[in-house]
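Just so you know, the protein sequences line up as chains A and B, in that order. The first sequence begins at 1 in the working numbering and counts up by one. The second sequence begins at 1 in the working numbering and counts up by one.
There may be inaccurate statements among the hints.
Claimed, not checked - Chain A is faced by these chain B residues, among others (derived, beta-carbon under 8 Å):
{"hint": "1", "residue": "Asp-250"}
{"hint": "2", "residue": "Glu-251"}
{"hint": "3", "residue": "Phe-253"}
{"hint": "4", "residue": "Met-293"}
{"hint": "5", "residue": "Asp-295"}
{"hint": "6", "residue": "Ala-296"}
{"hint": "7", "residue": "Gly-300"}
{"hint": "8", "residue": "Tyr-308"}
{"hint": "9", "residue": "Phe-313"}
{"hint": "10", "residue": "Lys-317"}
{"hint": "11", "residue": "Val-321"}
{"hint": "12", "residue": "Glu-323"}
Just so you know, the hints here were simulated from the structure itself, not pulled from any lab data. Backbone N, C-alpha and C fix where the C-beta goes; we use that ideal spot for every residue, glycine too.
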Amino acid sequence: MKPYILKPHLTRKITFMKKDDARVPQALFETVNTAPDLKNFPYPLPSKKSDYTCFAEGSNGVIWYGATTGLTRYDPNAERAEDIIMYFSAHKHLDYDNVVAILPEGDNIWVLNGEDSVSYIEMIMLTSEERGDLLREESHNYVMRRGMICHMNTTEPKNIKTAIGYTSCDNDGTFTADHFVGEVYRYATLKRELGEDHPKTVEARKFATLTSEAMLLLTYVHGREEGFIARSYHVTGEPLPDDGHFYQRKDDVATCAETSESLHTGRVGEEVPCTHPIPDRLAKLYRDLGYTEDDLCYKADTSSDEVTNHFLHYRLAHDFLGEGDPELDELIKDSCRRTMTHIINGKFEFLEHSGKPTTWAKWSKSYFAQAGSGYVDAPLNAAELLMYLKVTMHVTGEEGLWKETYDALIADGYAELSTKHFDRFFQGAMGVGASPEEDLMYGDNLLALATFWMLCTLEEDEELLATYRKAFKSWSGTLLREMQPGYAFPMLAGCPDIELDFERMADWFYRHEITRHAALVNLERHDVPIKRLRHGADVDREISVLLMPDERSVEKFDRNPFQLLERNDGRNSHFEGCYPYTFAYWVGRYYGFIAEEA
Amino acid sequence: MSKIAVLNEFSIEAVRDALQKLDDFKKLIVNGLTAFELNELEKIDPVLFDAVAKQIKKERWYPSVGLWVSDDKDMSAQKLMRSVLYSVTYFKDKFDKEYRVFQGGKIYNDAFAQIIYNANFDACVLDSEKETYWLDNEAFTRTLVYGGLEKVDINDIDDEFIKANDFESVEDEVMAVFQNELDLKSVKQPVYSDKATEAEALLEKADRICVQEGRNENEDIQNCWISLFLGEDDVAKEVAERIIGDSVIDEAFIRLNTDEVEVISVKYAEEDNGDVIFRLRETAGKEKAITVMCDALDAGFRAEILPYEIQTFRIIKDGFVEETPIGE
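Just chain B, with the same shape it has in the complex (with noise of 0.2 Å):
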């Protein structure tokens, strides 16, 4: 059975050992690494993270790809929502690159089964879990979480071991699975409210008001979830009000024809193309059809939300509409 590699410590030490295995063993595949440690590492060591770089486009290191930072835990569906949209767009952007598995902490959210499958994942992988089954959403979605993986430490490992043993990425391990028989107990995350924190709320608010306003402040609000992320929250919360300012949400700017959905976000899409992103949530546990109204951007359109759906529209040009992936 091939054996999965992963770097465990972030270190320059650690991945130099791993490139150096790379480089010395042409059958060695390595996994590890998210978007948080690959973004330090380039600003730490640009030549290491180059060499990093090669090896992840040519599929001989596949990165932990799902959180920007992966040790969360519990964490409020925006913030969830936040970190796999980074992470995925982090990877896209850097190294074009999509993967089909999500890697990541154990999260409580009942949102998190529709949120991996609309970014794209087709199963997960969580830190401590070991058992195999379907997790399910009410929106008629679900993820596989696999919990059968045996790692070893990529630096804990010797030529011997690397010489008498196949190692492949976790990315083609839980694939493989959905070509077996499977036979697995579905579980269903009780459904709750989440909040988001103060500094979480400041950010989607900084966010409607660049657009309700007109400007783009991406950039800056990245930042400031991805300072979140590293429990930065006073950074964060500095940031977005001095965005804000003296704006108000111009509660009339969307307009929805139900109370029992509620706008998440209203942002730009990350591209910096001009497309508004509105990413809307079922509240009462009831399928329904809603209309949705922003005369400033000349769009009017209906939907058909689940119970407890989340779902992302991108307000593209001339108010057309489309709907769009999580990791848009």
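Isolated chain A, as found in the complex (with noise of 0.2 Å):
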């Protein structure tokens, strides 16, 4: 297929300010106000048109409206719908919703809004890769801790630079993997155009290379005899957050430390052996900041979420940066081989030093056959099982014992079973009187993303690569509705016969914002319907619309992007890492799917 080109493209940045401020022009003080006349205007406008106070040109033909509820920019000869009307409101764009004058500067607008901020709205020229740059840089610079990202957050509201620089995050390996992810096909794609020495590529190696270490840092940090995967771990000096399990290593033992839950399931003080070392590669992460193993706090009661992209991250990294890193290679060859020793082991269940499952890690028929929660979960989980022996086999080198439990798997129905994934879904939704949208864990979206992409990449047997794409296909109504390229492209990739609406693709790229600052947005608008959910279970109400990236909330991959969220004033502090655009971009770009223009 030929690629989608993808042409540079107006994008936000926002700059705020008080109005005391030098930099704030005098003349928007002394601007006058009259309220437009909107009657008959040909499109639906985000505020009510009795909210309209002001208005005024910009370039080109633009105007802007101000109302009591957020600034609309209304540009007549826009080439994509979507830009024809856009709009700006608390807490991302401005400090209040109430518009209390304008002054248009060329492409860009100050914006005074509520009793004394200034909002200076920039509108520059930018290509999808230029900004997928600058959020990495962001995100580099200030979200990424020893390799790892997830979120950060800020001691001054919308401030980046006042990062904290140590977060609490449940799942570190997950985030970091599709991290890893964007940055590993950053670096083959830029390899396959620009060559292994330019300096762009030697960039990008570094960083596919540093996440890749951190991830194997994991599987590592905790010192266990056994094949097990950290959560997540902290060092001394950062505080830890109460929830979940945490064990501090001293010497040889690791300690489990007292919080809410570890009181709960009565752990505290259970004392667990870190005699497994380490490797120097990995510890160099901790150790070159002055820390040592007894600095190491690890997070346990690890799900299925981490193993999974775990074993996306053995694939690709091996793929990808294991030939011209032999001692890499071999890190990453070692940690999956003794994390699929411990599933196999554990009956096909992740265990904890105990001998008991940890709470979200089971791929066993036991499992499986649960009511509720078993019964839905086993069409995915039985397919992650599948991948991760597939992935072992493939980065090992080695069949044995991986190739005879995936014969036995599939003799004893996993891979039909993945099929059922909708059939399920949608019985185990109707049974407790939800919609799937309402009742799905978004996470799921990933975990089956990653699972059924590395099934249709790896699998050559032509009867299973059908039954994993039908299965691929069983998520599609999740996966799809959220018009997201980083879901749509690897689906692209393991079943080339979708259909997907490129036009949407592209304006996800273009309308994304060069930074990554969480601050919710105003989602409660006239031109939105708001959708009231089927029976009001987690989540009780929706936008009905699925609003461009730059009007809606920062999220993670794993969240609900139609979710009618409320505002508050703590996401002003608020920082996500880059990936969701970067996994998205550079999957698409080293495919083939997509193209800058020339």
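If you follow the hints, you should be able to join the two separate chains into one complex; please do so.
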């Protein structure tokens, strides 16, 4: 297929300041407001017509409308339908929704909002690659910690430069794996296009390798002899969140710290040996910062989310980094073998040192037989286990126990079971009176994506491949409704016959901002219906239209983009990692689904 | 296995007999009576109706919720939606009850699955359907058609039989199926173009004229639809024509940016609170983003609609919009 050609596109850049800031032009305070006549206005408007209090003409026929409920940009000549009406609101673009005065300046605009806040909104022309580079820069400078990417809080609202440097993340492996995907496909693409020695390729390889090492460290940081994986780890000086089970290393023993959950499960003080050595190459990630093994406190009770994403990482790291870095490749193989052995020895459950399974990492038939979550999870979890084995064979080049287990699981119906997702998922939702969108654990979308993307690109048996593709497509309802190229492109790589709306994919790239500032926005808009969900379980309201990324809140991959989030100030000091963008962009570039205009 | 006791005969004697048995046997559950039948019963014998109502509220009598009259078999999407709407609304208003299992005739309309789903039913039991299967729709909606019910007629069973058995509602038996391992075939009804009859079209027009002109005649229009469900098309037409009078549809009242979505209904909400309902249907089998403009109501909104999907929107105060279930 020919790639879809992405063109440079206007991108929002917001600078927040107070009205006494010397940069604010005096003319902003001298404007005279006249309410616009919006009778018979041809498009839905984000604010109620009577809310608009001022308007001004910008460049190229653009008209800006200020309202008590936000700012609207109207470009009657916009090439793309999504660009005709744009909306800006608190807290992502403005401090307050109440626009008091506006002053266009070329493509940009000064906006006095609330009593003393000013936003300077620039509309800058960027390629999609440039947008990704700026997002990476923000993440690498302020969100990344010891090679891991999740999210970061700041001491000052909206100011990434005040990042606190540590964070609490339940799934560091998952989100870092997603970031790794973007980095490694960036490296592979640049290597193909510019050559291995080009400075951009060298820089790309550096970060792909760093995130790969951070991933691998999570598989050794616990020091357990059995092939365990930690969810995350903290170092001395970082406060432990009161969430989950943490083990503080000291010499050869790690002791379970006190948290609400460990008190509840009676594991406080539990001692677990930590005698398996951490490879020096990975230990550098904390030793270079002055920490030792005794400074490490790792998080256990690992879920299948983590395990699945580690196998995604094993495969891609081996394929793209292994050949040029034999030392890293040996670590990948060793970690992969140890993890796979642990799962097989645990009879397809991920075990704590006590021999008890973790809460959410089960691929056994006995789990699948459990009514409720086991029954509904079975199609995905069955496929995950097959993916782990397939990846292990691919990475290690070995068959033996891996192939025997894979073949036995196929004979036991695991592949066929993977195709039953849609039926069981719908059944499970309806059984509790919810809609599927309401009942979905959104992280499962990414797990299904990683699992079937890998299976469909590794399996050579035609019959099994057809089964995996059928299973992959059983997820299309929830995956493709998000119009998110990070889901759509791997799915297209695995199932080349699916139809994608590339214009919608392009909109997603074009309408991303250059920061992952996670402040919430106004979603209760006049032009967007609010949808009451079927039975109002966990999420009781959605917006019924998928808004462009720059008009909704920044989220991780594993959130519902339709969820109607109520605004609060807490998110003003929160920044997410850039991986949803870089994952989508570089996978698309690598596979030739998209390209930049020459 | 629990028995499903059903009232098949709609008569004063049959209802009395069922109520007597409910009084005599505390474990007995009775199923039956449509919205139409209960409505009639209330007119004919209010005391008996009150007795049934008490049992419905106590969840010992489960009515037949779904269509206003259960024996309809073939109908347009408009008629189907109105029938479901009035039935669901009746039970909500009268008994404060919402049910999850649709019961009624086997309906031949490709929009059936999504209408049932969007009226917040999770499953349905169709007269004479013996198979259990998923009924699918292009619009990412499905419903479980359950054909495994074994019913006994409440009027035919004697005291010994009642003593010897346990009883449950259709609702409970069907919903319990969701807890089992299901491996069912999935069936899609063929897409075809159903046309509203002349009387149905006139009623839709009457509704739209009322909204255009700001006069609410919901009660008369609802009565017309109910006449129409009973086959009295002429009655419905006569009233619709009276409401319409010399008025004509203002095509500019509601404007869409595509010809591939039709406006099925423009009407006042059933609660008579001034909210207006827009019902739209995609006709070309293509997912699309659309805009809907209605200056008269200060409303303008965006929507995304799936192939052949029917979407219902509620225009509330100041032109803000909610997407709402069909049983609004």
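Item to check | Hints breached by this structure | outcome: Violated hints: 1, 2, 3, 6, 8, 10; rest satisfied.
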